[in-house]
Structure formats: C-alpha cells, structure tokens
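So the sequence lines, in the order shown, correspond to chains A and B.
So for the first sequence, the numbering used here puts the first residue at 1; every next one is plus one.
So for the second sequence, the numbering used here puts the first residue at 1; every next one is plus one.
These aren't lab readings, by the way, just hints derived from the structure by calculation.
Careful: at least some of the hints might be erroneous.
The list that follows gives simulated cross-link-like pairs (lysine-lysine, DSSO-like), each with its CA atoms no further than 30 Å apart [said to hold, decoys possible]:
hint, chain 1, residue 1, chain 2, residue 2
1, A, LYS227, A, LYS211
2, A, LYS315, B, LYS249
3, B, LYS47, A, LYS132
4, B, LYS180, B, LYS39
5, A, LYS132, B, LYS39
6, A, LYS300, A, LYS7
7, A, LYS105, A, LYS87
8, B, LYS42, A, LYS132
9, A, LYS87, A, LYS315
10, A, LYS2, A, LYS78
11, A, LYS2, A, LYS227
12, B, LYS47, A, LYS227
13, A, LYS217, A, LYS227
Fair warning: this is a prediction, and the values are worked out from it, not measured in the lab.
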Amino acid sequence: MKLEDKKRVLREMVVHRRFEERCYQAYIERKIGGFLHLYPGQEACCNGVLEAARPGYDYVITGYRDHVHAIKCGADPKEVMAELYGKETGSSKGRGGSMHIFDAKHHFMGGYALVGGPFPLAAGIAKAIQIKGGDEIAICFLGDAANNQGTFHETLNMAALWNLPVLFVCENNLYGIGTAIERSTAVVHQHKRVCGYGIEAAECDGQDIEKVYEAAKVAVNHVRSGKGPYFLELMTYRYRGHSMSDSRGYRTREEEEEWKQRDPIYILRDRLIAQKAMTMADYEALEKEIDHYIENEVVKFAEESPEPRIEELEKYVLADRETQLPWLTGRAA
Amino acid sequence: MAEIMYWEAIRRAHDEEMARDPLVICMGEDIGVAGGTYKATKGLYEKYGPLRVIDTPISENSYTGLGIGASFLGLRPIIELMSVNFTWLAMDQMFNSAAKVRYMSGGQLSAPVVFRSPGGTAHQLGAQHSARMEKVFMGIAGLRVVTPSNPRQAYGLLKSAVRCDDPVFINEHELMYNMKGEVPDSEYFHPLEGSEISRSGTDVTLFGYNISVHWNLKAAEILDKQYGISAEVVDLYSLSPLDRAGIRKSIAKTHRAVVVGEDEAPVSVGSEVIALINEECFFELDAAPMRVNSAHVPQPYNHTLEKASIPDHEDVVNAVLKMFGKA
Ligand SMILES: Cc1ncc(C[n+]2csc(CCOP(=O)(O)OP(=O)(O)O)c2C)c(N)n1
Ligand SMILES: [Mg+2]
Chain A
1 MKLEDKKRVL REMVVHRRFE ERCYQAYIER KIGGFLHLYP GQEACCNGVL
51 EAARPGYDYV ITGYRDHVHA IKCGADPKEV MAELYGKETG SSKGRGGSMH
101 IFDAKHHFMG GYALVGGPFP LAAGIAKAIQ IKGGDEIAIC FLGDAANNQG
151 TFHETLNMAA LWNLPVLFVC ENNLYGIGTA IERSTAVVHQ HKRVCGYGIE
201 AAECDGQDIE KVYEAAKVAV NHVRSGKGPY FLELMTYRYR GHSMSDSRGY
251 RTREEEEEWK QRDPIYILRD RLIAQKAMTM ADYEALEKEI DHYIENEVVK
301 FAEESPEPRI EELEKYVLAD RETQLPWLTG RAA
Chain B
1 MAEIMYWEAI RRAHDEEMAR DPLVICMGED IGVAGGTYKA TKGLYEKYGP
51 LRVIDTPISE NSYTGLGIGA SFLGLRPIIE LMSVNFTWLA MDQMFNSAAK
101 VRYMSGGQLS APVVFRSPGG TAHQLGAQHS ARMEKVFMGI AGLRVVTPSN
151 PRQAYGLLKS AVRCDDPVFI NEHELMYNMK GEVPDSEYFH PLEGSEISRS
201 GTDVTLFGYN ISVHWNLKAA EILDKQYGIS AEVVDLYSLS PLDRAGIRKS
251 IAKTHRAVVV GEDEAPVSVG SEVIALINEE CFFELDAAPM RVNSAHVPQP
301 YNHTLEKASI PDHEDVVNAV LKMFGKA
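Same shape as in the complex, but just chain A:
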C-alpha cells in the first residue's frame, strides 16, 4: 500500500471504530433499538479487502454486521446513523435498521439478517454481471459460522460451475454468537472447506491491513480476470459481544486481551509512527477530530432528522402502483 493510502485508511478505520463505539452509547441511551452488531476489532478485514477492490463500483453484500461495509462503499455515515435511529433520512428510510443498511447507488447491496442468506444473492449479482458483460465483481462478506448453512455449499457449487465473478470473504472471528468455531464446525480452517468445489482459496491474518490488502489483491485479480470465484479467509476477532445482550461468558478476558494486542488500527498506526509518517500526537488529534465529526455532524444529523410518517407505513411494500398499471390492469400497449 502507498503511504498516502495507508494514512487515509487509518483515518477511515478510526471513523469506523468511533462510529461503532458511538452506536454502542446510543444503544445504551435507547436511541437505537433492535439488534446491534458492532465491528470493532475487525476493521482491517473490510478495509483491506475493499482497498484492493473498487468500492462504489464493485458490488458488496454482507450480513447484519454491516455498518462499516456500507460506509466503506461510500454510504454517508450520517445516513447510516439516521437509519439506526429509525429516521426517514436513514439509508433505508428507517424501514431497515441496523441489520439492513443499503446503499444501492454505491453498489452496497445490503445487509441481510438470515445467516447464509447473502451467499446466493452474491452469486446472482455475479451472474447478472456475467450476463451483462461488465468488469465489476461481487464481493460477499460473511462470518465463519455462516459456512455451516446449506446456501454456502450450494452457492460455492454454482459459482464454480458457472465461473462466476464473485469473491467470498470469510471474516473468521472464531465465534458464531456464543459458540466457538471448534464446537460447531468439524474443519475449523474455513478455506479448506472450499477445495471440494475446486475454488481457489487462501487464509490470511485479518488484523494487519497490509497483509489483508496483499491477499485481497491476489483474490480480486483472480476474480476480475475471469478465473472464477475465490474464497479468502481472514482470521480476526470481534471485541464486543455478538450483539448487545452478550456478557461474553463463552470466552476468557485473557483471550480478548491477547487479540487486543494485535489491534488492526494500532498495528497500522504504530507502523506509520515507526516510519515517521506521523506522531502519536498526530494520531491523538485525529481521534479527537473524528469524535468531533461524529458527534457534531453524524449524531446531530440523526438526532435532528424526522421520523417516517405513519401514513407511509405501506410505502415500499410493492412497486409504486402508478408505474405498474399496464401489468396490473392488463391495459398494456
């Protein structure tokens, strides 16, 4: 990665981290409802992969832990926060919530809450690219436990069979809610599970963004050059509980501390400091500036935005009637 890119990505990762931490606070204050799955600890995965791809151009799809992926693709953090607040200005007009962030104009095709649901959708997006003849690729980010769904295996088979331009990124954070991977999964190294489908796969440290970037470059090039699907497993860790009501009794505080020694943001920060590209004081100023931005722009926007109107409860269930009349009434030209 180029130096200026590293500095930019460090900044982005701090935005992602502080955004998520601020969500936590807003949830405690009951400003955010429902389930809330936070991303701290895993930032290098999304950032490293998408630095190697073309966010906003390539199509990205993921599960319910989706805020950061949306923002990385180009979604405005203000609209994402407003969505969490359930506001009309939210990215999904307050109809989606934390698990259903969408930003179609930046080709972020959504967060989905059925574990394993996005696998076939990603392959379908890739199929559409193949039929239309573009050079975009589809990138599907999901967790380790999702690979125990039938859709994983069914989709890998079709993706390989039809040589689809889709990259599967497995963010292996070692747990599916409170079940450790070795307690749910016979083969814990996820990249080994795809060889039965003849799909190229690799495993990589998910905490060091430069390593993720290098591995993702290989993966993205493979897929974009028409060689078919690719599976990239990133070893990572989520710091917080699975969602908000999780006291983390299934893992030790020591294990958590160990992972925090390899924090993705600090790894990059310390490297930049060692290279004399920045100082600790610069970093602290950056954090402050970002906190200020999140508080005074992002949260403020969400707080001050209007609620959806009850009269519009049924809007978006079906396509706007007026536009569909020829087919609904049979009075087509």
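Using the hints provided, position chain B with the ligands relative to the given structure of chain A.
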C-alpha cells in the same frame, strides 16, 4: 385465436419475453437441455443458449436466491420450481429476500423475479409430491400471487409477471399442462390484479381459482340443469392481492358464497376469502358462506383414498344444495 395447451402458452410467453429483452432469463431444474418437466421451456435452450436458459443443480434455496440477486441488477429471471413441494426449500430466499428487499432497503432495491411452480394433486404421487401451497404464498407481504385456470391466463399472466417490478409467484397445476384453450394470436397481457366472471349467475357465487374453476363450472351446469339454481362462477386468478371489489360485486348480486379450492382447510384460501366477505359484505349475505376443500391429511397414495381426499364438482353441488336446504 389458436387453441393451444397450457404448457405451450407458458412456453410462448417465455419465448416472446426472452426474444424482446436480453435481460429476461429462465432457470430451474431440467428446464434447459431436457426442455422442462412439463415442457414449459422446450426449445429455449437451443434458441437462447446456456447463459440465459440455466439448468440448475438441485439446490432450490440457492438457485432461487441466485435469481433474486441477479434481479437486483435488472435481470428478469423466470425461476421454475419443479413442484410446489420443493418451494419449502426456497421459501427463505423467496420470503426473506425477494419479498422484503424493497421494503427493508427503503425502495432502493427490488426483486423483479417470477417464480413458477405447479401444485395440486396429480395421479397418486403421494404425500411428498402432492400439495397446495398458494395459501402460504398469499400471506406474504411484498409478493404477488397469481394462478392461471386456462392457457390464456397462463400466457398472459406470465407476460405481465415478467414485466412487473414486483416478485410474482405463479401457481400452476400439474394436471393442467395439457389442457387446451384459446389464446389470442397477438400479444396479450393478462392483468395481475382482479378476477374474472367465468359464468354469470344470480343465486350463488362459486369462488374458485386454477383447477377449482373447472369444478365450479361443471357444478354450475348441474345446478342449473337439475336444480334450477343459477350459480355465478368467479375466477380469483389473483390471490394476492385478492379482488375485494370483484368479490363484493358478485355477493351484492347473488348474496351467497361457496369458496372452492383444492387446498386443505383449516387455513385455506377460502378462509381468507370468507373473512373478507364477512368484513366487507356481511349484510348482503342470505346464508352463511361455505367452503369446499381437501381433507386435512397428507396426500394418501391409494387411489380411492386420494380421490376421497380432494374435492370435485359433486362436492360443490352438494355444498350448494346444503346451503339451499335441498340436501
Ligand atoms: C438462519 C439464521 N439462523 C440463526 C440466526 C441467529 N444468528 C444470528 S448471527 C448468528 C451467528 C453467526 O456467526 P458468524 O457467521 O460467524 O458471524 P459473526 O456474527 O461472527 O460475524 C446466529 C446463529 C440467524 N440470524 N439466521
Ligand atoms: Mg463469527
């Protein structure tokens, strides 16, 4: 107007839509090289090639999801599910992805995809290959459900479903693919909403859809000839949304309703239609509405038991006679 079979009508709609729009594709098990279990896609593979006529592996949920994902980018997939019994495996993607994506994305994405699948009882296919699923689909917000009772509807409903921006489930019937009927020679779009009066009458309305329309027509004939009862036959080809205005209009005329379906009660299409009648035209009624449904059993294999488990025109006649105090 040519007389063609139900399967030919479906095939023609596929062909016309695929010829017109390169974004229309079709997919499913054995639909390509093999031409489709019911021939509904016969010859399309040769004409449009493997990129647009896709023989899928036996992975219902995932190829359905794949079609839905492709529709996010503007493709118009027509997905055949070989039997409604197999749609259970695809319901996650049909319901959680296709039916909800427009809403949960605040209108940013839509899934303009068509699901086609045959249901009903054929001949002794047993419990796991004989089912009626339309009652499940019609309860899902964000999904349209239509069910053709003849080749004209089969052709015109598929044409409209492909063009419509909403996901549409087309409920076909295994016994109807070889049914013959007139289909307009020129392009025809059957409305996705509404109902049709298949036979006009004044004394009682027989509501049905798909195969039960034919039982009702036969019953109406008998009721007229043998009992002097004039039955109106209404074809509810759209199950979601139901044609509330059409239902009200017929009840206002006949003041009596029998709802007939091959599905089983409790919880049948008839449950919903009768609830609607009670809500919207209770004071028009001269008699309590009745329904005629299959027995609440997994489909038996034995021919006699199978026949006993599903209704036919005689059951409809008997229900009407009971309503009129003649049985
Ligand atoms: C089909 C389905 N089953 C169960 C759940 C409940 N659930 C939500 S997240 C989750 C664990 C998923 O873990 P993983 O795929 O590793 O992703 P992570 O949360 O670790 O990022 C489960 C079981 C669900 N949402 N969907
Ligand atoms: Mg996990």
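Do the hints match the structure? See the list:
1. For the proposed pair A/LYS227 and A/LYS211, the alpha carbon gap of about 22 Å is at most 30 Å, so the pair holds.
2. The straight-line distance between the Cα atoms of A/LYS315 and B/LYS249 is roughly 28 Å, inside the 30 Å bound, and the hint therefore holds.
3. At roughly 18 Å between alpha-carbon atoms, B/LYS47 and A/LYS132 fall within 30 Å of each other, so this suggested pair holds.
4. Taking the CA atoms of B/LYS180 and B/LYS39, the gap is near 15 Å; set against the 30 Å cutoff, the hint holds.
5. For the hint linking A/LYS132 to B/LYS39, the alpha-carbon distance of about 27 Å falls within 30 Å, and the restraint holds.
6. Of the pairs offered as hints, the one joining A/LYS300 and A/LYS7 holds, with about 27 Å between alpha carbons and a cut-off of 30 Å not exceeded.
7. The suggested pairing of A/LYS105 with A/LYS87 holds, with an alpha-carbon distance near 19 Å, which does not exceed 30 Å.
8. For the proposed pair B/LYS42 and A/LYS132, the alpha carbon gap of about 24 Å is at most 30 Å, so the pair holds.
9. For a cut-off of 30 Å, the pair hint linking A/LYS87 to A/LYS315 stands: about 15 Å separates their Cα positions.
10. This hinted pair checks out: A/LYS2 and A/LYS78 have alpha carbons roughly 29 Å apart, not beyond 30 Å.
11. The hinted pair formed by A/LYS2 and A/LYS227 meets the criterion: a straight-line CA distance of about 27 Å does not exceed 30 Å.
12. Proximity of B/LYS47 to A/LYS227 is assessed by CA-CA distance (about 27 Å); at most 30 Å being required, the pair is judged to hold.
13. This hinted pair checks out: A/LYS217 and A/LYS227 have alpha carbons roughly 14 Å apart, not beyond 30 Å.
Of the numbered hints stated above, none is contradicted by the structure.
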